[in-house]
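Given these sequences and hints, build the entire structure.
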Amino acid sequence: MNYYNKIVQYSGYLASALFITIGFIVSYEVIARYVFNSPTIWVNEVSRFLQIWATYLALTYSFHKKDFIRITVIYDKLNESGKKVLDFISFIFILIFSSFVVYYGWLIAYDSLKVGRTSSTILDVPSFLTEFAIPLCFAFLVLRVILEIIKYFRDFIK
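Heads up, the sequence shown is in our numbering, so the first residue is 726 and it goes up one at a time.
Hint data in this document are derived by calculation from the structure and do not stem from the laboratory. Just so you know, even glycine gets a beta-carbon here, dropped at the ideal spot from N, CA and C. Any given hint could turn out to be false.
[Said to hold, decoys possible] With a straight-line cut-off of 30 Å between C-alpha atoms, the simulated DSS-like cross-links for lysine-lysine are:
{"id": "1", "residue 1": "K802", "residue 2": "K790"}
{"id": "2", "residue 1": "K791", "residue 2": "K876"}
{"id": "3", "residue 1": "K876", "residue 2": "K808"}
{"id": "4", "residue 1": "K808", "residue 2": "K791"}
{"id": "5", "residue 1": "K731", "residue 2": "K790"}
{"id": "6", "residue 1": "K791", "residue 2": "K809"}
[As the list claims (entries may be wrong)] The following label-pair restraints were derived from C-beta to C-beta distances:
{"id": "7", "residue 1": "Y753", "residue 2": "F793", "range": "31 to 37 Å"}
{"id": "8", "residue 1": "I882", "residue 2": "I766", "range": "55 to 61 Å"}
{"id": "9", "residue 1": "V751", "residue 2": "L868", "range": "31 to 37 Å"}
Right, dumping it as structure tokens:
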């Protein structure tokens, strides 16, 4: 579990670094385009690629930090046991949804790899490289939710 927590932590750091990189390359594009009148051909696709990876890498990290969006109208009015029940119900929904995303995301990414699908831009990046972020990062989320469910049952038994 300790190795997994380190992977989750570093995925959050990597996501942050990717978002910062996006900021730099988009700033570079703005300067190149409007100051030097020399736009680039690569910034749009590279920033989109990095944004996809950064977003999905941050997924498990935000769940780990308990920073997911939560509707607190009812949640804040409950006692600790009520909050734990709602947390468990949300774990089940996240687990089911994420499992579907892993399965179907893998089918789409594998199909892209198998047929050699690429982006429709001048860089012609293999689609698999962006599509694989979805099943991989949601698989990390599934694992994290399973660990939270196990932790929930251990706390419940005590």
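How the hints compare with the structure:
1. K802 - K790: Holds, because 22 Å separates the two Cα atoms, which is no more than 30 Å.
2. K791 - K876: holds (14 Å)
3. K876 - K808: Given pair K876, K808 holds - Cα atoms ~15 Å apart, limit 30 Å.
4. K808 - K791: holds (13 Å)
5. K731 - K790: Measuring from Cα to Cα gives roughly 13 Å; hence the hint holds.
6. K791 - K809: holds (13 Å)
7. Y753 - F793: 31 to 37 Å: Roughly 33 Å apart at Cβ, these two residues keep to the hinted range, so it holds.
8. I882 - I766: 55 to 61 Å: holds (59 Å)
9. V751 - L868: 31 to 37 Å: holds (33 Å)
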